[in-house]
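Chains as they are written, first to last, in my numbering: chain A, 15 to 129; chain B, 128 to 241.
There may be inaccurate statements among the hints.
Below, in silico cross-link-like pairs of lysine to any residue (SDA-like), each with a Cα-Cα straight-line distance of 25 Å or less [what the hints assert, rightly or not]: (1) B:LYS176 x A:THR63; (2) B:LYS228 x A:ALA113; (3) B:LYS198 x B:HIS170; (4) A:LYS56 x B:ASP181.
Hints in this document: simulated from the structure, not taken from any laboratory.
Bear in mind that the values here come from a model prediction, so they are computed numbers and not experimental data.
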Amino acid sequence: GAVVSQHPSRVICKSGTSVKIECRSLDFQATTMFWYRQFPKKSLMLMATSNEGSKATYEQGVEKDKFLINHASLTLSTLTVTSAHPEDSSFYICSATRARADTQYFGPGTRLTVL
Amino acid sequence: AQSVSQHNHHVILSEAASLELGCNYSYGGTVNLFWYVQYPGQHLQLLLKYFSGDPLVKGIKGFEAEFIKSKFSFNLRKPSVQWSDTAEYFCAVKGGGATNKLIFGTGTLLAVQP
């Protein structure tokens, strides 16, 4: 149990376009989902925390208007990178928890390349 | 602010060698501690976690970690590594309170040579 999927696994887009990444909990209801960004040879950096039905909480330095997060149901959260630029190219990973004190279960990640 | 340090960025071992990866955290309160593993091309998987109780925690695939509160450490160990243990290992800490946020270390890349 506790499987998290992400779609797409990789995406290439042109500068200025928007890209939506989906994160789904397949066999459990995720009260909280997290979005991370992983740079090459660096750790995961938490971008935002989203609770179902409420606005996401963004980490310091993360532009909420650029990285739109929607957590409309207990099994789906989406991250939209708006007006993407080459510096947004990265590996985006989501995770989900079943309850406040639960372990985070991670998705396989989405490789975004902005040309 | 919480932080996590992993001092070994890249470790190379031969099969059957013993492994210890260091993890130190800075947080004065109650913490939950985790080790995650990321095999090549795969997603992060939980190896083991410490919430409370016995400070020696056993995880999957023969890994264990010891929480030493006085040293703010949570080192990962395995007595005999295999080639299949080649992966990147991340230590993470979650502080007390309502938040479920994880703070990750920078990771240690382990390469096991056959």
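To see whether the hints hold, each was checked on the structure:
1. Distance check on the hinted pair: LYS176 (chain B) and THR63 (chain A) sit about 21 Å apart at the alpha-carbon level, within 25 Å; holds.
2. The straight-line distance between the Cα atoms of LYS228 (chain B) and ALA113 (chain A) is roughly 12 Å, inside the 25 Å bound, and the hint therefore holds.
3. Distance hint between LYS198 (chain B) and HIS170 (chain B) is unfulfilled; the C-alpha atoms sit about 30 Å from each other, more than 25 Å.
4. A C-alpha spacing of about 31 Å is found between LYS56 (chain A) and ASP181 (chain B), which places the hinted pair above 25 Å, so the restraint is violated.
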